[in-house]
Amino acid sequence: MATKRGLLVLFLAFGLIAACTGGDSEGSSTTAGSAASSTTVASTTATTSGGEDLPTLKIGVPLPFTGVVAESAEEMRQTFQMYVEQQGGTLGGLPVEVIFEDTETDAELVVTKTRKLIDEDQVHLLSGPMLAFEGLAMIDSVNQAGIALVGQTGVAADDYTRLDAPTLTAAAKHTASQETMPLGTYAYEELGYRTIATLGQDYAWGYQTVGGFQYAFEAAGGDVVQKLWAPIGTTDYAPFVNDINRDVDAVYVTLIGADIPRFVQAYSDFGLKEDIPMLASEDLVAQDAIRFYSGDAAIGIVGITPFTANLDRPEMQAFVEAYQERTGNVPTFWGESAYVAAMVIDRTLKYVSEQNDIALADLPEWVRSNGEAFASASREIDLSDAPSSAITVDEFNRQVRDFYIVELVDDGGTITDSLVETVPEVTQFWTFDQEGFLANPLFSREYPPE
Amino acid sequence: MEEWATRVLSGVTYGGLLFILASGFTLGIGIMKIVNIAHGALYLLTAYVAWSVFEETNSFLLVIAVCCLTGGILALVLYAGLLKRLHQRPLAQILVTMGVTLIIAEFGVIWWGGYPRTVERPGFLADSIHLGIVSFPSYRLFMLAAAIVVAVLLWILLERTRVGALVRASVDDEEMARGMGVDVGRLYFFVFGITGVLAGLAGAIGAPFLGAFQGAQFEVLLLALLVSVVGGLGSITGAFVAALLIGIIDSVGKSLFPELAHFTLFAPLIILLAIRPTGLFGKT
Numbered sequence: 032m033a034t035k036r037g038l039l040v041l042f043l044a045f046g047l048i049a050a051c052t053g054g055d056s057e058g059s060s061t062t063a064g065s066a067a068s069s070t071t072v073a074s075t076t077a078t079t080s081g082g083e084d085l086p087t088l089k090i091g092v093p094l095p096f097t098g099v100v101a102e103s104a105e106e107m108r109q110t111f112q113m114y115v116e117q118q119g120g121t122l123g124g125l126p127v128e129v130i131f132e133d134t135e136t137d138a139e140l141v142v143t144k145t146r147k148l149i150d151e152d153q154v155h156l157l158s159g160p161m162l163a164f165e166g167l168a169m170i171d172s173v174n175q176a177g178i179a180l181v182g183q184t185g186v187a188a189d190d191y192t193r194l195d196a197p198t199l200t201a202a203a204k205h206t207a208s209q210e211t212m213p214l215g216t217y218a219y220e221e222l223g224y225r226t227i228a229t230l231g232q233d234y235a236w237g238y239q240t241v242g243g244f245q246y247a248f249e250a251a252g253g254d255v256v257q258k259l260w261a262p263i264g265t266t267d268y269a270p271f272v273n274d275i276n277r278d279v280d281a282v283y284v285t286l287i288g289a290d291i292p293r294f295v296q297a298y299s300d301f302g303l304k305e306d307i308p309m310l311a312s313e314d315l316v317a318q319d320a321i322r323f324y325s326g327d328a329a330i331g332i333v334g335i336t337p338f339t340a341n342l343d344r345p346e347m348q349a350f351v352e353a354y355q356e357r358t359g360n361v362p363t364f365w366g367e368s369a370y371v372a373a374m375v376i377d378r379t380l381k382y383v384s385e386q387n388d389i390a391l392a393d394l395p396e397w398v399r400s401n402g403e404a405f406a407s408a409s410r411e412i413d414l415s416d417a418p419s420s421a422i423t424v425d426e427f428n429r430q431v432r433d434f435y436i437v438e439l440v441d442d443g444g445t446i447t448d449s450l451v452e453t454v455p456e457v458t459q460f461w462t463f464d465q466e467g468f469l470a471n472p473l474f475s476r477e478y479p480p481e
Numbered sequence: 067m068e069e070w071a072t073r074v075l076s077g078v079t080y081g082g083l084l085f086i087l088a089s090g091f092t093l094g095i096g097i098m099k100i101v102n103i104a105h106g107a108l109y110l111l112t113a114y115v116a117w118s119v120f121e122e123t124n125s126f127l128l129v130i131a132v133c134c135l136t137g138g139i140l141a142l143v144l145y146a147g148l149l150k151r152l153h154q155r156p157l158a159q160i161l162v163t164m165g166v167t168l169i170i171a172e173f174g175v176i177w178w179g180g181y182p183r184t185v186e187r188p189g190f191l192a193d194s195i196h197l198g199i200v201s202f203p204s205y206r207l208f209m210l211a212a213a214i215v216v217a218v219l220l221w222i223l224l225e226r227t228r229v230g231a232l233v234r235a236s237v238d239d240e241e242m243a244r245g246m247g248v249d250v251g252r253l254y255f256f257v258f259g260i261t262g263v264l265a266g267l268a269g270a271i272g273a274p275f276l277g278a279f280q281g282a283q284f285e286v287l288l289l290a291l292l293v294s295v296v297g298g299l300g301s302i303t304g305a306f307v308a309a310l311l312i313g314i315i316d317s318v319g320k321s322l323f324p325e326l327a328h329f330t331l332f333a334p335l336i337i338l339l340a341i342r343p344t345g346l347f348g349k350t
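So the sequences go chain by chain: A and B. With positions in the first sequence counted from 1, the corresponding number in the numbering used here is that position plus 31. With positions in the second sequence counted from 1, the corresponding number in the numbering used here is that position plus 66.
For the record, the hints were derived by calculation from the structure and aren't laboratory data. Heads up, a few of these hints could be off.
Unchecked claim - The calculated label-pair distances, taken between Cβ atoms and stated as ranges, are: (1) B:R226 x A:N276: 45 to 55 Å; (2) A:R146 x B:I169: 26 to 36 Å; (3) B:D239 x A:R146: 51 to 61 Å; (4) B:I199 x A:L222: 18 to 28 Å; (5) A:E411 x B:E69: 53 to 63 Å; (6) A:G223 x B:W70: 30 to 40 Å; (7) B:V200 x A:S415: 32 to 42 Å; (8) A:D343 x B:I195: 36 to 46 Å; (9) A:G177 x B:W70: 53 to 63 Å; (10) A:L222 x B:I195: 24 to 34 Å; (11) A:D254 x B:S194: 25 to 35 Å; (12) B:L127 x A:V440: 29 to 39 Å; (13) B:F256 x A:V361: 42 to 52 Å.
Claimed, not checked - Partial list, computed: chain B residues near chain A (C-beta under 8 Å): (14) P182; (15) E225; (16) F279.
Glycine is no exception: its CB is placed at the ideal position from the N, C-alpha and C atoms.
Could you put the whole structure together from the sequences, leaning on the hints where they help?
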């Protein structure tokens, strides 16, 4: 207990400093107070037919269990464990020990915990993280150790395709611009919009989703006439709403967290909702945003998303039911990414052991020493039964999948997302030439220009 | 022309909220020299409480009553239990109230979960007023009206009541006040309770606008600090003027200088600290 108190004091001091420095780039401050927790999934020891015990595969999963996104991180822990349990406590035929580590939504701690998992816990591979900055913080340690990282939502940045990250597989997550480019094309061709104003959260996810939307919209013939950027945590969105050019055909929005209901409410309050349709990234049409809209301010928003629990797809319904039974809640894209990551690990293990003729007993060590080969092998597995869409993996170890354009509608008093169109098999390059796309700069605040 | 009018009015009404958020804090630090870092956490808690109460009862009046009560009681407990012993020890106060902040915030996660909550605006305040082609939300006007009422009431309390006079006397010269028979301890207890009530009011009125969310404990604290420092520590009038000014500068600034959107809220602070560090109405 003395250690726990000592840790508590340390975290209180840490919390003080963190609060004073304002936290990390994702705009959230730590609410330290609980000691770092590492929980493990109990593994059932499986034995080979010869009766020997199989070695345990150790997987390190760093996620921000304390901080503003704690609830979603917990969802990811639950879905990951759910997949493992559905396979009888094994992945790839091996008993697993999943070591979750709390990154506390802090960039430095992400690195510390990743190193701890690699060096002290001697994990055979990593999975995670949750937030974009966590991924970028971890990647150096991952590269140095040459250990495989099966990315979850935290590897959504467009950057990874251009970064040196040979042991990374992003089979469980699409890129930021991959999501919004189809919406840009749809806005021009199907909805007939010609001029658009954009409002993005002033950080990487905002830049890349807005950038993708703009790139595709303008390639189709449209014009983005105004680009606004809102700092994360903006308390009053009236200035932004009042600044929006009133002559545009539509407004495209990427915002996150508590900012979403604030903006949506202001948009309605100042009368724009009646005049100018709103298009959005998944953030505004996801279940965890829908839950917290009040009134009918959000009705009519058209967004694009990789995940909707209403999807008429048996694998999705099974996933939603299983998760509801487990926790009583409806899952979101956060949980699905973790679930698919576990699926990727499971099937890639089976694939490599078969392809390279590796005995199960030798598999964990092989995985540990062949991170790049493991990551590359994720391209070959069958992921056609992932909950939200059939998935294939491209040559950059990146997910190729269907996206769904949804509209928020009033379903007898509650808001729900209604499917408008399915966009099948979207790659990270959309309809653009791969080489040309990669020759362009990464989408940023300045690119594409207004 | 209407655009600028809307911008200024938006700013002023936002300033109204800023004042309400800051009022409790500035009262504490100005009158009692207590640095209550937990002020933001009190907002967080009462905003969540506002959500819960509104969900159950749909009565905004009840929300205000419950939140003010919650804020007041918590502040009194905080004072009696901890801060009373730390009179004139600001560093200790900061540490202690920081700890309280973390505890309250974590309690918020345990009880209400990690997701942000928005409170619905009560019926008649949910509409927008239509003036020609311009729509202006009535809730913002309500925030401004509430701010004016609070400012006036506080001013009356401090400047026109016997209690207020005693408070001011005790702050000026505590020994003398005690010598005259003033129960300074009880006075401070009462005033700190008022700061809690104000924090609760901020939660009730702020929740439909800002929401109840993890992170509020620091964001609201920052806003309160901002307004208090610019206005001059302890001056209610100063806080009121500062709040409106900051609201306007933020609103207009974001339009004129979109590249500086991160700083428009804090620009007044920087300018002021360079010119007049004690704040607009602070005592030099």
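Hint-by-hint comparison with the structure:
1. B:R226 x A:N276: 45 to 55 Å: Given range 45 to 55 Å: holds, Cβ gap about 50 Å.
2. A:R146 x B:I169: 26 to 36 Å: holds, 30 Å
3. B:D239 x A:R146: 51 to 61 Å: holds, 58 Å
4. B:I199 x A:L222: 18 to 28 Å: holds, 25 Å
5. A:E411 x B:E69: 53 to 63 Å: Distance hint for E411 (chain A), E69 (chain B) holds at roughly 58 Å.
6. A:G223 x B:W70: 30 to 40 Å: holds, 33 Å
7. B:V200 x A:S415: 32 to 42 Å: Given a distance of about 53 Å, which is not inside 32 to 42 Å, the answer is violated.
8. A:D343 x B:I195: 36 to 46 Å: Given a distance of about 43 Å, which is inside 36 to 46 Å, the answer is holds.
9. A:G177 x B:W70: 53 to 63 Å: holds, 60 Å
10. A:L222 x B:I195: 24 to 34 Å: At roughly 31 Å between Cβ atoms, I195 (chain B) and L222 (chain A) fall inside 24 to 34 Å, so the hint holds.
11. A:D254 x B:S194: 25 to 35 Å: Holds, since D254 (chain A) and S194 (chain B) (Cβ atoms, about 30 Å apart) stay within the stated range.
12. B:L127 x A:V440: 29 to 39 Å: holds, 33 Å
13. B:F256 x A:V361: 42 to 52 Å: holds, 48 Å
14. P182: holds, 4 Å
15. E225: violated, 31 Å
16. F279: Holds: closest Cβ of chain A sits about 4 Å from F279 (chain B), inside 8 Å.
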